[in-house]
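Engineer: Each chain, letter by letter, is given below.
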Amino acid sequence: QVHLVQSGAEVKRPGASVMVSCEASGYTFISYYMHWVRQAPGQGLEWVGVVNPSDGTRNYAQNFQGRVTMSRDTSTRTVYMELSSLKSDDTAVYYCTLEYSRSSFDYWGQGTLVTVSS
Amino acid sequence: QSALTQPASVSGSPGQSITISCTGTSSDVGSYNLVSWYQHHPGKAPKLMIYEGSKRPSGVSNRFSGSKSGNTASLTISGLQAEDEADYYCCSFAGSATYVFGTGTEVTVL
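These protein sequence lines map, in sequence, to chains L and P.
Converting from the first sequence to the working numbering requires adding 948 to each position, the first position being numbered 1.
Converting from the second sequence to the working numbering requires adding 634 to each position, the first position being numbered 1.
So here's chain L without its partners, still in its complex pose (with noise of 0.2 Å):
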């Protein structure tokens, strides 16, 4: 079965960039993009990119433009999403999540808590 495993908590200082990983198994990794998406402390759902693991296409969200970049790495399953110049309002879970079927977010991982504070 799928499983996307993500690593771990992080804080972070204004300014500063954060990365977080999703390993991937339990289906074709190249076969299914992989989105990331992130909710604030009570605030809803944000769509933040999209990568393609065949050919590493990536598409980001207008708000993230110059600031997000997401990666994978075939060998070891991974993607990866590097936030930069992190503001406080940046504080969020952020998820990646498989689109297994067209246009749909069908598995998602356990969420990554990201903290910006000085």
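Simulated from the structure, these hints should not be mistaken for lab results.
By construction, the Cβ of each residue, glycine as well, lies at the ideal position given by its N, Cα and C atoms.
Not one of these hints is a red herring.
Derived lysine-lysine pairs resembling DSS-like cross-links, with alpha carbons at most 27 Å apart:
#1 P/Lys689 x P/Lys678
#2 P/Lys678 x L/Lys1035
#3 L/Lys960 x P/Lys678
Only some residues are given here: those of chain L computed to face chain P with a beta carbon under 7 Å:
#4 Leu993
#5 Trp995
#6 Ser1049
#7 Ser1052
#8 Asp1054
#9 Trp1056
Based on the hints, put chain P in the right spot on chain L.
Structural biologist: Just chain P, lined up with the frame of chain L:
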């Protein structure tokens, strides 16, 4: 890209039916039959309940159904149960490989 509009809260008694609306624009909900719905219990990962507007993944109760009219998608929960109490989010493909979520709806079972 603005978030899709959902009611902040909806409530119902056990056994009743409730409907959650999700209003977008002609650039997202209205243009594609690619709305999905997620159930989210605090502290847990979201769960896919409906995809492609009205399809249910394996294992999701048939008490959950989805539909769309124009720029508004809807999720109906029939035979409301205590375990249905959660936050619900819609999400739509918005073109150019982008997606937009709804504002979220808190469902309360009275």
